[in-house]
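Trainee: The listed protein sequences derive, respectively, from chains A, B and C. Counting in UniProt numbering, the first sequence runs from 1 upward without gaps. Counting in UniProt numbering, the second sequence runs from 1 upward without gaps. Counting in UniProt numbering, the third sequence runs from 1 upward without gaps.
None of these hints come from the bench; they were simulated from the model. Glycine residues also receive a C-beta, built at the ideal position from the N, C-alpha and C atoms. Please note: incorrect hints may appear among the correct ones.
To be verified - Computed list of lysine-lysine pairs in PhoX-like fashion (alpha-carbon distance at most 20 angstroms, straight line): (1) B:K181 / B:K203; (2) A:K106 / A:K164; (3) B:K94 / B:K115; (4) A:K164 / C:K39; (5) A:K106 / A:K116; (6) B:K65 / B:K10; (7) A:K116 / C:K288; (8) A:K106 / C:K288.
Stated by the list, open to error - Listing some non-contacts, in silico: residues in chain B with all C-beta distances to chain A over 12 angstroms: (9) D128; (10) D158; (11) D202; (12) D292.
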Amino acid sequence: MARAVTPRRKIITTAVAWAIGLLIFFPIYWTILTSFKTEAQAINDPPLFFSFDWTLENYAVVQERSDYMRFLWNSVILAGGSTLIGILVAIPAAWSMAFVPSRRTKDILLWMLSTKMLPAVGVLYPISLIFVQFNLLDTRGGLIAVLMLINLPIIVWMLYTYFKEIPIDILEAARMDGANLREEILYILTPMAIPGIASTILLNFILAWNEAFWTLNLTAANSAPLTAFIASYSSPEGLFFAKLSAASTMAIAPILILGWFSQKQLVRGLTFGAVK
Amino acid sequence: MGHIILENVKKRFGEVTVIPPLDLEINDGEFVVFVGPSGCGKSTLLRLIAGLEDVTGGRIIIDGKDATSVPPARRGLAMVFQSYALYPHMSVRKNIAFPLRMARLERAEIDRRVKAAAEVLNLTDYLDRRPGQLSGGQRQRVAIGRAIVREPAAFLFDEPLSNLDAALRVGMRLEISELHKRLETTMIYVTHDQVEAMTMADKIVVLRAGNIEQVGSPLELYRNPRNLFVAGFIGSPKMNLINGSIAAQHGAETIGIRPEHIFASSEGGEWHGKVSVSEHLGSDTFFHVTCDGIPEPVTVRVGGEVDLHYGDDIWLTPDPNHLHRFDTQGLRVA
Amino acid sequence: MATQHSRSAARLMLAPAVVLLLGWMLVPLTLTLYLSFKKYLPLRGDSLQNGLEWVGFENYARFISSSAFWPSVQATLIIVGGVLLITVVLGVLLAILLDQPIWGQGIVRLFVIAPFFVMPTVSALVWKNMLMDPINGIFAHLWRFFGATPVSWLSDASVQSIILIVSWQWLPFATLILLTAIQSLDSEQLEAAEMDGASPLARFFYIVLPHLSRAITIVILIQTIFLLSIFAEIFVTTGGSFGTRTLTYLIFQRVVDSQNIGLGSAGGVYAIILANIVAIFLMRIVGKNLDR
C-alpha cells in the first residue's frame, strides 16, 4: 500500500527526478537536436537550443555519402538472424532443462553462463584465424554465428526462467491427451511462453544490435553493421557535428524505441533470472 | 473396456523406494480409490499407470496388453490433474477438443463430441471463455470434459477436489459419482480424504509407504479393518484404540471401538469417566471422555442433543459386536 | 522425474546448444593456449604452415614484465573501480528517487534508461565530439560561459573522461536492477521500522540497504565482467593513449597492431583467468538462486 504523500514533497521529488532524468538524457537529446541544424549552427557559440533553421539536409548527406541503408540492413540481418537461430537452438534446450531436470542440469546452466564470461579479446586471434580458414571474414553468415554464440547463454537462461514458471502438469496433461513431443512444444509450451519468448527475442536483438567488439573486428565493407558505420566517423573531416549527429540518431533510434518497450525484461535477462 | 493389472510393480527414485513390489487388479467399470496419508505413494502409483513415470520393475497390463513401455499418449487413459492443468491460452472449447485434435479426428466429429460433453457438464454457455475466466468448479468440469471426450479405457483422477472449497467439493463428489454411473468406465481416483474414498468407491485401496494395507469395499474396510492402520484411517471420527489392561480383558494387545458403537449413560456402565470436550452438531453430539484407566480420551457419539457438559460424570459401554481386536503385530484377531 | 523416453528426448534437445557452446569455448581457448606458448610474429615471416617455435612460458613472462603491463592493470582497475563506484552509489540513489511517487514517473524512467540502448560506438563518439570537444563541445561552451578555460578532456583528463562515458552507459543498468529490487521490498517492513521509531536515515541503512545487498552484489559482478572487456569506448575516443590502455586494449594492440600473436595470446590467457575469478563469485550467487 502506497501511503499518501504531501503535495509539497511530491512536487520536490518530481522536480528533482525530472532534472536528473533530463540531465542523463541530455547527450541523446542534444545529438538528435543537432542533427537538424546546419554545420555552422551546430558549433554556434552560445549553443542554439531552439532558434535555428530546422533542416533534414544532414540525413540526406549521410545516406548519400555512406550508404546508411546498407549498414542498417546489415544490422537488421545480423541482429535478427543471430537472435532467431539462437531462439531455435535455445527453446529445446530450455525445455529439456526446465521440465526434465537431471542432476547435472544446474551445472550445465552455470557452465553455459560461464562461456558468456569468456573475454572476447582472449580469443580474438583464434576466431579470426578460423574466419580466414573458412572464408568467413566480412560475411554476414560468420558474424551471425558469432553473435548467436555470444548471446546463446542469455537466451537459454531467459527462456529457462520463463519456462520454469509454467506448471509441468499442463505439459503432462498434453502428453496424456495424446500430444507427442513436437506437438507438446508447438501447441502448448510455446503459446504459453509467448510473452517470455518475445521479451527474450527483444532483449537479444538489442544486445546483438549494439555488440561492438566482434562487429568492429570481423567486418569490413560488406557485412559491416551500424556500429562500424558510426566508428568510421571517429576521424573528423572539417565541419561534421551535424552529420555525425544525424548518423548517430539514425543508428540509435530504432533500438531506443525497441529498448523502451523491453525495460522490464532487461533486468531479468541481464541478471540471469537472479533479480526479477 | 478398462481392465488394469499391476504385476509386481516397483518404483524407486534413486535410492529411495517409493513403491515396493505390488500387485493389484482393477476390473472393468470399477471405481477404485487409492487412499492414504500424504507421501504414501498413491500419486506415484497413479502416474505409473498413466505412464508419466517409468516403473522400475514389473508389468502394467491394460486390457490384456502389456502397456509397461507404452508412452502415456497411447495407453488410452485420460487424467484429471489436481491443478486441473487446463491450457490457459485456449478457450474451453479448444481445451476440450485438444485430445481429439491430437487424435486427428475430423472437425465435425470433434465439434459433435465437444458439444455433447459440454452439455453433460453444463459448460455450454462457457465454451468460448478462457480457463482464467472460470470459477474453480467450472475449471474442474472442463478438466473432466477434456477427459471424457476421448472415451478412454479408464479415467485417472489425481486429488481432483482438493483445490475446491468444502461446499463445492461435496457437489463435485456427487457429480463424479453420477458420471461414473452413467459412463460405466473404469475410474481410478487418488485422494487423502477418507470421506471421498468411502462415499465414492466401489473398491478402496489403502496405501501406506507404498504398501497396500488393505483392498476392499468401503463397508468391508469399515467393518473388518485388517490392521491398526486401516482401522485408524477409515471412519470419521476416528476409531478409539485402547491398549493396556482393558485390552487384555478382551484378550488382545489393542482393542478398537468406533465412537458410534459406544453406548453412553449418565447413570451407569462399563467404563466411568468425565466429559472433557463436547461437540454439539445438532444431529449428533460427540463427547471426548477422559476414562479411568485409559490414557487417551475416548470419543463417543450420541444421537441428538444430550445435556452433558465439561466435568460431568459419564459411563460408557462398548458394543461387544463391534469391538475390533488386534494382536501385538497390529493385525486383526478374528 | 520423468520417463526414460522423455529423458532421452531431453538429452537430444539439449545437445545442439551444448555442442555449439562447447565448440565456441573449447576451440578458440585451445588455440589461444597453444599460441601463447609459441613465438608467432606473422610480420617477421612466422606462419602456422611452417610450424612455430615453442617458447614455453616466455610470452607469459614477457607480457607481465613489459613496461605497458602494470600501467594497463592500473588503468583497468581505476576505470572498472571508478565506474562501479559511480554506478552503484548513483544507482541506489536514483532507484530510491524513482521509487517515490512522482508525476510522469514513466517518462523519467525512460529518460534514465535510454543511455543503455545507445550503441557503444555512438555514445563514445557523441561524448567525444558533442560534449567533450575542447572547442565546440557543450562542456567547452559551459566553461567559457563561466569564464573558465575549456578542458581538453580526452587528453588532459582522459581516464576520468572514460569513466564518465562508461558510467553514463551503465548507470541505467544499475538503476533498473536496483529499482526492481527496491520494489520487491515489503512496505510493511518499513512501516514496522517507522513504528519502532527509526528515522528515515536509519530505515535506509538498516532495512533498505541490507535488502538491496544481493542486487548490489549482482550489479557489481555482472558489470565487472562487462567492464573488464570494454573496447569500443576506448577504441573510438583515445585509442588507448593518455593512460587509458586497459588490459583488454593492450592485448588487442599486441594482437592486431603489433601482430605479436604469441604475446597477445598469453595476455588473453591472463584476461581469461581474471574474468573467471570474478565469474566464480557471480556463479555462486546465481547458482544459489537456482536452488530456490
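Trainee: Check the hint pairing B:K65 with B:K10 against an upper bound of 20 angstroms on the C-alpha distance.
Mentor: It holds: about 19 angstroms lies between the C-alpha atoms, which stays within 20 angstroms.
Trainee: Take a quick look at B:D202 and tell me if its Cβ sits farther than 12 angstroms from every Cβ on chain A, holds or violated.
Mentor: holds (23 angstroms)
Trainee: Please settle this one: B:D292 was flagged as non-interface, so is its CB more than 12 angstroms from every CB on chain A?
Mentor: holds (53 angstroms)
Trainee: A:K116 and C:K288 were given as a pair; does the straight-line alpha-carbon distance stay at or below 20 angstroms?
Mentor: holds (19 angstroms)
Trainee: Taking only the CA atoms, is the gap from B:K94 to B:K115 under or equal to 20 angstroms?
Mentor: holds (11 angstroms)
Trainee: Find the nearest Cβ of chain A to the Cβ of B:D158 and say whether that gap is larger than 12 angstroms.
Mentor: violated (9 angstroms)
Trainee: Between A:K164 and C:K39, is the straight-line Cα distance small enough, at 20 angstroms or below?
Mentor: Judged against 20 angstroms, a Cα distance of about 49 angstroms means the pair is violated.
Trainee: Compare the distance between the alpha carbons of A:K106 and C:K288 with 20 angstroms, and conclude whether the hinted pair is satisfied.
Mentor: holds (10 angstroms)
Trainee: Since B:D128 was said not to touch the interface, does its Cβ keep a gap of more than 12 angstroms from each Cβ of chain A?
Mentor: Holds, because the least Cβ-Cβ distance between B:D128 and chain A comes to about 17 angstroms, which exceeds 12 angstroms.
Trainee: For the pair supplied as a hint, A:K106 and A:K164, confirm whether the alpha-carbon distance does not exceed 20 angstroms.
Mentor: Measuring from Cα to Cα gives roughly 13 angstroms; hence the hint holds.
Trainee: Between A:K106 and A:K116, is the straight-line Cα distance small enough, at 20 angstroms or below?
Mentor: holds (16 angstroms)
Trainee: Against the 20 angstroms threshold, does the CA-CA distance of B:K181 and B:K203 hold or violate the hint?
Mentor: The hint holds at about 14 angstroms.
When each numbered hint is compared with the structure, violations occur for hints 4, 10.
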